Every structure is written in structure tokens, then in C-alpha cells.
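Going down the list, the protein sequences come from chains A and B.
Sequential numbering of the first sequence, starting at 1, is according to the numbering used here.
Sequential numbering of the second sequence, starting at 1001, is according to the numbering used here.
Since the hints were made in silico from the structure, they are not lab data.
Be aware that a few hints might be false.
[Claimed, not checked] From the structure, some residues in chain A lie toward chain B, with a derived Cβ separation under 8 Å:
| # | residue |
| --- | --- |
| 1 | Gln123 |
| 2 | Pro127 |
| 3 | Ile129 |
| 4 | Ala131 |
| 5 | Ala137 |
| 6 | Leu214 |
| 7 | Gln266 |
| 8 | Leu269 |
| 9 | Gly271 |
| 10 | Leu272 |
| 11 | Phe281 |
Bear in mind that the values here come from a model prediction, so they are computed numbers and not experimental data.
The beta carbon of each residue, even a glycine, is placed where N, CA and C say it ideally should be.
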Amino acid sequence: MNINASVTRLLTNPSRQTIQPLLLVAISATLFVVSLGKIDLHGMSDLGLIVVLPPEIYISLFLLTFSFIWTVHQPEEHTFMPLLHIILLIIALHGITVPLEEVPRFNVTWRHMGLVDYMLRNQSINPRIDAYFNWPAFFVLEAFVMQAMGLKDPSQLAFWPSAFNSLLYIGPLLLILRSVSDNRKLIWFALWLFYIANWIGQDYFAPQSLNFFLYITILGVLLWSFKGTQSIPWLERLLKSTHLRMELSEPQEQCPPVRGRNTARQQRLIGLSVILLSMMFSVASHQLTPFAILISVAVLSLFYQISARGLGYILAIMIAVWMVYLAVAFMQNRTELLLANVGQVDEAISSNVTERLNGSTGHNIVVRVRLVETFFFWGLAFWGGFRHIKKNFRNLVPVLLACAPFTLLILQFYGGEMLLRIYFFTLPFMVFFVSGLIYTEFPQKYFRWQPWLAGLLSLVLIASFYISRYGNEKFDQFTAKEVEAVTYLYKIAEPRSLLAAPSPHYPIKFKGYELYPVRFYQDPVLSGDVNALVTAMEESKARASYFTVTTSQESFFYLFYKFPPEEMRKFEDKMVASGRFERIYSNENARIYKLFPTP
Amino acid sequence: MVLTVSTVATAAVFFTDSPSALRPWLALWFLLVCPGMAVVRIFDLQDSLLEWVLSIALSISLAGIISTVQIYTHTWSPTAGLGILIGVTLGGVVVQSTLNLKLIAWPISPASLPLGREMRK
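Construct the complete structure from the given sequences, taking the supplied hints into account.
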């Protein structure tokens, strides 16, 4: 894969095979940009962004998909053209909200901005505040980057990560895919599928997004530069003892050999150094990804698929040292709770799946589309994986790495998001199997159907992508007015004042992270009990107490509890009528109330 | 050449605290690519995809580790941190140039290369 040669050929010797897709890409991009101007986010319903997308968006993506499939099926090998299509796909799918929204979306983004703000103000760590301060390296890095770039406001960094991180993933994904296959069409289609199937949305301004890059980089480097012997002594002994005959020890032929022993040695030297440094940063910046890396490396070592078989021990020691010495404040009080969750698979599934199946009709449709899409995709992947094992038992790597992250499910449910994270970690290998179903498993007489199947699968997944990914957009996206309201709140509230709200779905915690206790009281709102709200807020014994209601919270309450905005307004009127609250701020998207102290 | 120019430009905008619109893009390019690329190119990887992946991962990890060490040791200084990364980049460029100069000044005969030996067999 040589992009320079590809670009040179394109410029010096353009052919129909390059001009035609370039034209289609240009039309697709123009159509997409023009249609962005027709999107009005105020028209969103509980189905999210999809209801406001004009038909031109879909025509644009149809053209892009057609052009991509056509390009990949050309006999002439290109790197630049498929890559260009994938970059545009990333912008269309993962970057669509950037030009549409006034401020960064997603409440967790604002919380993370608050952590960066903390680092800049205090230039130190207090691990007793919460878990983030025990794995702070991502926020420290962002603070450093902000100062190097001369930025004054963390929100300037927080707008772009989805598209930016998705672009970063291209390199390591290609490295992984070419390590397990030399089928050009399979590789490009798998990469294309990754971005369509990645509806999870874990690529926002968060440690997980950067750590995923490190995860796939480490795996890519190991698979490319540290190929194992593919002979699995313990398995061969086991098979021998059961009298089963299965050839395991023939070398794989997926990848061309590295030129010369010297180059291989140099690749391994720098590769190992980068792996170790990446792991050091990962251990310091995320709770979960180091375990995903460790489990994947351990599985590869156990099955002799990589030559660096001692690496797992080093990684385990790094994790242990961090948890024992630097995350000790977090581990001290939570070890029992964490251990209690080990093995609770049914609870993990419950909190990840079934507990999300409630709320408004539109929200239920979104959740069901996500579940159907996930299980459909996994179903295809497992079918592809099964056929892969039947046909090529020796190529164990994708099977092992598709399965290994599932072991994370038995560890603990990670706040109800473990299944989403597992989907993310396994996606590079799932897309390999799905792509392999079309591009390696077909009998030769059906080869002419390959582009049609690839195109159809792409379009079905693209259509469901906008529902799955942006189905919660009604409460995930915030307005400048909401930010203005909360900024006013931070201006008037003294440190140690209680900042309360019905739910966390608004831009909060982006200033004074450690200075203000923040609480959420949805039960009193749902039951209409103002006294219960007053009691709960007074329990915090804060210097002053404020209660903020925003339109994004109203949307959340409607989507999740079928609690209409009119009921929220009635509750707010009851709050004022009780004589305990005074409205001190109001704009079209937010109201702030102050709690009077007990007379 | 690109590494050297990027490093000098980044140093110029940062240490003069320039309000230029180019500063964020220069700094981002530098932090994301340059230190890693300067080190990775010392090795003869003969694989441009691997080079880029390693360079970006190394750049991010170095910046992250340096800044995290600073905050844990209460020595927070973006100036020093960037200075270290600039030093790593320029050091890598110097080593690359030295290796290239040695190859030009004392060309190695094919027979002395491992590949050459294998081919002769």
C-alpha cells in the first residue's frame, strides 16, 4: 500500500478508473455540503437526527458507496482512491454534527472539559476527588496540548474528536487487516465497514477514544512485526492425546515476508519500544483499555500467535503497579464493590440491554434498531468467523481477538456500558469476518454478485447508522443558550454551593470541577414532589443551592420516562408556588432556581 | 527537512506566544507527528504505513508521559515539556542525518549487508 505511488500515478496518468470515481466523489461531497444547509435541528423528534436529514444526504452517500465499491473492484491497485472515499465517509458519518451544532455535544464531553480546566488551574492531581483523578493522563495531555496550541477554552478542542479520532484509526486498522489477509478487496471493504458499523460513539472527547487508537496500534504492530510460529505445542499435544488430526504448524501466507533480517530486527526494536510507551500512557489514562490490551496479548501469547510472549507479564506488572501505587485512593474504598461484580454476567446484560428498553416510542425504536443492528452484525461476523475457521483453521488471530474482549463482561459492568465497549474492541475483527463473508467465502460462480452484496450491506448499515448513532441527539446536543445559563450559574454561585438538576444531560461541570458538589434528582421531579426535592437538596448542607432545568433535560425526561416538557414546567411552577424556590435566571433554553434556606 | 522546518516553526510560535491563526495547526501537527517520526525514521523499517502508525503512537505517548510525569512531580511546565519534545525531534533529525552522511561517505558494499550475504548464498 503505497499512497505516494498511487497519487503520482493519479496525477501523471489519470485513467477512467480514477476520473470516474473522482467525479462521483466530487458530486457526492458537493451534494452533502449543500444539504447540510437544509438541516434544522429544531425539527428533531425522539428519533433523533434522522428525521431532519434531507434526502440529498442519502443520495450523496449512495453515490459515495457506489463509487467506493466500483473503485475497489477495479483491477488496477490504488491506495489513494479508496482512502479518499473512506475519509469522506468518516466526515459524512462521524463529523456531520460539527457544522450543525452550536456547542460540543454530549454532557460527558463538558465534564471532561472541566477536568482539563482543573489541570490547568491547579497543575496537580487530587486522587480523592473521583476515579478520573486516578487515571488522569488523558486530561493532562489535553491540558498540555491546549497550552501548546495557545487555546484558551477547552471547548475549542472538544468539537472535533469524533472525526479526528476516526481518521487516526485508519492507519492501525489497515495494519491489522493486512496482517491477517492479503486480499485487497477484503481489506478495503472491512475498513469501510468499520466506520459504518461504529455507531457506538466512543470516539468523542474522552480517554476511551485515544486509548482505542493505542489498543489497535499495539495489536497492529504485534501482528505485523512479531508474528508467532503458529505452532501451538500444548494444543498439538492435546489433539494428539485425543487422536484428532489437525494440521496446525504450517506457516501462514497472509503477508509478504519482511525484506532482510536487519529490517525485521529494527521493526521489532522500535515496535516494542512504542508498544511499551503506549501501554504506559494507556495504564495512566484509562481504567478499561489496559485490560483489553492485556487480555488480547495474553490470548495471542497463549496460542503462540506472537513472538513477544513475555510482553503480557510486563503489561500485567504495569497495570498492577499503577493500581497499587497511583490509583490506590480509588482502589482502597472500592475493591469490595468491584470484586462483587465479578461474574455477574446476567446483571451486566441487564444493565447494558434490558434496562434501556423503556421510554417514548421513538426512543424504543432507536434502542431496538441498535440491538437489531448489533446482533445482525455480530450474527454475520460469527457466520463469517465460523466459515473462516472451517476453511483456514491456522489463521487463528482474528478469531482470538474477536473473542478475547468478551471476557471483560465477566469482570464488571463498567457503569452499564461494558457491552458497548466490547462491541468497540471487537469491531476491527468483526468487520474482517463480515468482509470475508463476501470477499473470500463466496463460490467462484457468484463472484459477480460481490459488489452488489457489498453495496447493499453498506447502504443498509448507513441507513441504520444515523438512527443508532444519533438517535439520542435530542438530548445529546446542547445549545449556546444552555451554556450561557450554566456559565451565569458559575458566575453567581460561590464555591461549595450545590448545583442540582433533574438529570446530568446538560453542559455542567466544565468549570470548578472540584469546587461545586453536583447532584441530580430525577425521582422528586417524576413524582411531582417538591418537598422531597427540598429535603434532598437541604441534605447536602451546602452554602447555597441551585436547581437548573434545560431543554435537553426535558428531552431526556420525555425520551426515557415519557415525561412531557409540559409536566416539567408544571413542576417548576410548583417549586416557585411552594415559596422555597425563586427563579433567578431564564432564557429560551434554561431556567435556574435558587433554594431559599429553611426559615 | 519537513521535521526541521515544523520544529522550528512550532518553537517560534510557541516561545513568542504568537496569536497567529496558524499556531494551533502547527502545534497539533508537531505534537501528533514530529517527535515520533524523528525517532522512527532512524530505523530502516521499509514500510511507510508502519512508520506513520508508530510515529503517531510514539508522539502521543511521549507527550502524554512527559506531561503526566510533570503533573505528578509538581513540575508542570508546558514550556519545558515542549522543549523536551523539540529536543527529541531535533536529536532524531541529527541522528538520521549522521547515519545518512555515513552511508554517503563510507558506502557499504552489498557483500557486507545481511541481505547481500543471503543473496550470495
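Self-check item: Hint numbers contradicted by this structure
Solution: 2, 3, 4, 10
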